[in-house]
Amino acid sequence: MTHHVLHMPCTEAEIRKLRAGDTVTLQDTLFGIRDATQIHMFDRGRRTRFDLNGHAVIHTAPNVRKIEPTGTNQAGYEAVCIGTTTSDRMERFTRPLMEREGVRIIIGKGGLREESARAFQELGGCYLAVIGGAAALETTWIAAIEDVDMDDLNPESLWRFAIKDFGPLIVGMDSHGGSLHRDVQASVETRRAAVLAKLGAA
Amino acid sequence: MSVIPPPEKLRVTPDAIEEAAKLLYIRALKILPDDIKQGFFRLDASETDGLAKSVLATMIENIAVAERTENLLCQDTGIPIFNVQIGRDVELDGWALKQAIARGTERATREHPLRSSVVHPITRVNAHTSCGAHVPVINIDFVEAPRTLRLEMIPKGSGSENGSFLQMLIPADGLSGVKRFVVDAAIKAGGKVCPPTILGVGVGGTSDLCMHLAKVAATRPLGSVCADAEGAKLEVELSEAVNSLGIGPQGLGGDSTAFAVHVEVAATHITMNPVAVNVQCHSARRASATFTPEGLVIGF
Numbered sequence: 001m002t003h004h005v006l007h008m009p010c011t012e013a014e015i016r017k018l019r020a021g022d023t024v025t026l027q028d029t030l031f032g033i034r035d036a037t038q039i040h041m042f043d044r045g046r047r048t049r050f051d052l053n054g055h056a057v058i059h060t061a062p063n064v065r066k067i068e069p070t071g072t073n074q075a076g077y078e079a080v081c082i083g084t085t086t087s088d089r090m091e092r093f094t095r096p097l098m099e100r101e102g103v104r105i106i107i108g109k110g111g112l113r114e115e116s117a118r119a120f121q122e123l124g125g126c127y128l129a130v131i132g133g134a135a136a137l138e139t140t141w142i143a144a145i146e147d148v149d150m151d152d153l154n155p156e157s158l159w160r161f162a163i164k165d166f167g168p169l170i171v172g173m174d175s176h177g178g179s180l181h182r183d184v185q186a187s188v189e190t191r192r193a194a195v196l197a198k199l200g201a202a
Numbered sequence: 001m002s003v004i005p006p007p008e009k010l011r012v013t014p015d016a017i018e019e020a021a022k023l024l025y026i027r028a029l030k031i032l033p034d035d036i037k038q039g040f041f042r043l044d045a046s047e048t049d050g051l052a053k054s055v056l057a058t059m060i061e062n063i064a065v066a067e068r069t070e071n072l073l074c075q076d077t078g079i080p081i082f083n084v085q086i087g088r089d090v091e092l093d094g095w096a097l098k099q100a101i102a103r104g105t106e107r108a109t110r111e112h113p114l115r116s117s118v119v120h121p122i123t124r125v126n127a128h129t130s131c132g133a134h135v136p137v138i139n140i141d142f143v144e145a146p147r148t149l150r151l152e153m154i155p156k157g158s159g160s161e162n163g164s165f166l167q168m169l170i171p172a173d174g175l176s177g178v179k180r181f182v183v184d185a186a187i188k189a190g191g192k193v194c195p196p197t198i199l200g201v202g203v204g205g206t207s208d209l210c211m212h213l214a215k216v217a218a219t220r221p222l223g224s225v226c227a228d229a230e231g232a233k234l235e236v237e238l239s240e241a242v243n244s245l246g247i248g249p250q251g252l253g254g255d256s257t258a259f260a261v262h263v264e265v266a267a268t269h270i271t272m273n274p275v276a277v278n279v280q281c282h283s284a285r286r287a288s289a290t291f292t293p294e295g296l297v298i299g300f
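Sequence order for the protein chains is A and B.
In this text, residue positions in the first sequence follow the working numbering: the first is 1, and each later residue adds one.
In this text, residue positions in the second sequence follow the working numbering: the first is 1, and each later residue adds one.
Be careful, since some hints might not be right.
Unchecked claim - In silico BS3-like cross-links for lysine-lysine, where the CA-CA straight-line distance does not exceed 27 Å:
| hint | chain 1 | residue 1 | chain 2 | residue 2 |
| --- | --- | --- | --- | --- |
| 1 | B | 37 | B | 53 |
| 2 | A | 198 | B | 30 |
| 3 | B | 98 | B | 37 |
| 4 | A | 164 | A | 17 |
| 5 | B | 53 | B | 30 |
| 6 | B | 53 | A | 164 |
| 7 | B | 233 | A | 66 |
| 8 | A | 66 | A | 164 |
| 9 | B | 233 | B | 37 |
| 10 | A | 164 | B | 30 |
| 11 | B | 233 | B | 188 |
| 12 | B | 53 | B | 188 |
| 13 | B | 9 | B | 53 |
| 14 | B | 53 | A | 17 |
| 15 | B | 188 | A | 198 |
Worth flagging that the hints you see were computed from the coordinates, not collected in a lab.
Please read these numbers as outputs of a predicted model, since none were measured by experiment.
Sequences are here, hints too, so could you generate the full structure?
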């Protein structure tokens with residue numbers, strides 16, 4: 001298990017160094033994205049003005065407060081509480097995010113499925129697990145809401161956050177086919193029969 | 001001939017209910033009940049997996065950060081649910097109570113501000129009020145407690161709510177079918193429902209009542225026990241079973257899959273054997289306001 005610090009955006013070579021079970025701290029920039037954002041981007045053909053190439057996106061829809069735009073919060077929002085939502089619902093957007101937008105890292109909770117694992121392996125990406133429900137803590141890793149696009153979808157807008165020491169995050173799925181989520185699921189399946197037998201419900 | 005005067009009624013104004021609804025929504029999002037905090041410490045003490053222990057430690061740290069920074073525990077403001085218990089000798093305008101709860105919810109959303117997590121189910125339009133058709137969900141019950149009105153607020157997160165399962169089993173499936181269904185629901189839910197969870201199980205009733213029972217079970221305080229003796233036995237058995245699966249906190253492996261499995265039961269039809277699972281995530285948030293003639297008590 002190795003700890004890595006990645007400054008965003010990052011390169012494929014940096015991603016290929018990560019192995020499932022390693023930990024990562026991100027620096028500089030992070031994009032927030034969610035169900036509606038990706039439905040509009042990939043099912044309805046909307047394009048963002050942001051350059052996501054080499055970047056990390058996090059599955060989130062934040063609590064924000066409207067403010068007068070400042071030097072660091074130019075979009076006119078400040079963070080109230082920013083956390084992470086369940087990734088599984090957004091499984092089918094992994095490949096288009098990587099192929100069309102050049103995204104390298106997806107951050108979420110609960111893991112993604114096999115098609116995402118294949119996309120990470122083929123295209124050089126990874127899934128970083130953040131601790132879901134620990135949003136008060138996660139908010140302290142956000143320095144500012146720098147910008148926002150597709151804000152008609154608020155709170156499911158496409159957000160650009162400035163981040164400082166974002167993590168530690170756990171490499172849940174790496175670019176070599178490794179997946180902690182798959183390993184745990186396989187282990188659970190092998191325990192199922194014994195658990196049911198003990199319940200008299202085999 | 002002496003005349004016994006009728007007991008004095010407890011009267012609660014809509015304004016007081018609106019203020020309480022606003023306060024409870026915000027409080028529930030920020031302060032975790034003591035029974036859940038104790039549940040975390042209990043799991044942490046018994047967890048044997050290293051990664052799972054570090055995940056639990058982060059969750060416990062988050063509870064402290066939320067209190068210190070007066071911030072929300074989780075960004076998911078949930079679907080607002082209000083459970084209203086009306087005791088005997090309480091006089092109130094029920095229609096006005098429902099309006100007041102919705103106003104309090106909307107004010108919490110605008111004034112804090114909170115993310116409105118509620119959209120129209122077909123247009124997906126968010127009115128940014130945390131309200132909509134039938135939302136807040138308001139469950140009203142009448143209880144024996146004299147001159148007492150209790151509001152319980154539950155912001156129900158979507159990650160765990162999406163882990164809801166119902167099956168109209170048949171009598172021939174037996175209790176073993178019920179147990180198998182719960183174990184398989186826990187497996188399907190996996191890490192998506194933000195474990196460690198409270199797994200709520202409804203057994204019996206009609207299809208809608210069965211799922212309601214599961215929700216009641218999932219949102220019951222830790223340490224509470226099913227009033228039905230057979231249900232209570234099932235709680236013990238299923239808690240051990242679910243925590244033997246190795247799903248662990250966040251589904252990353254470990255012993256701490258559920259704080260507990262809670263069961264609620266209702267009588268059912270001779271041809272039916274319904275079972276439902278509803279999950280409460282580790283951010284098992286609740287807040288309550290109790291009105292009595294002595295005043296208002298805010299708690300969990």
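Structure-based check of all given hints:
1. 37(B) x 53(B): Holds, at roughly 15 Å.
2. 198(A) x 30(B): The hint is violated at about 39 Å.
3. 98(B) x 37(B): Violated, at roughly 31 Å.
4. 164(A) x 17(A): holds (22 Å)
5. 53(B) x 30(B): Distance ~23 Å between residue 53(B) and residue 30(B) Cα, so the pair holds.
6. 53(B) x 164(A): holds (25 Å)
7. 233(B) x 66(A): Judged against 27 Å, a Cα distance of about 51 Å means the pair is violated.
8. 66(A) x 164(A): holds (22 Å)
9. 233(B) x 37(B): holds (25 Å)
10. 164(A) x 30(B): Holds, at roughly 24 Å.
11. 233(B) x 188(B): At roughly 24 Å apart (the allowed maximum being 27 Å), residue 188(B) and residue 233(B) satisfy the hint.
12. 53(B) x 188(B): holds (23 Å)
13. 9(B) x 53(B): Cα-Cα ~52 Å, so violated.
14. 53(B) x 17(A): At roughly 26 Å apart (the allowed maximum being 27 Å), residue 17(A) and residue 53(B) satisfy the hint.
15. 188(B) x 198(A): holds (20 Å)
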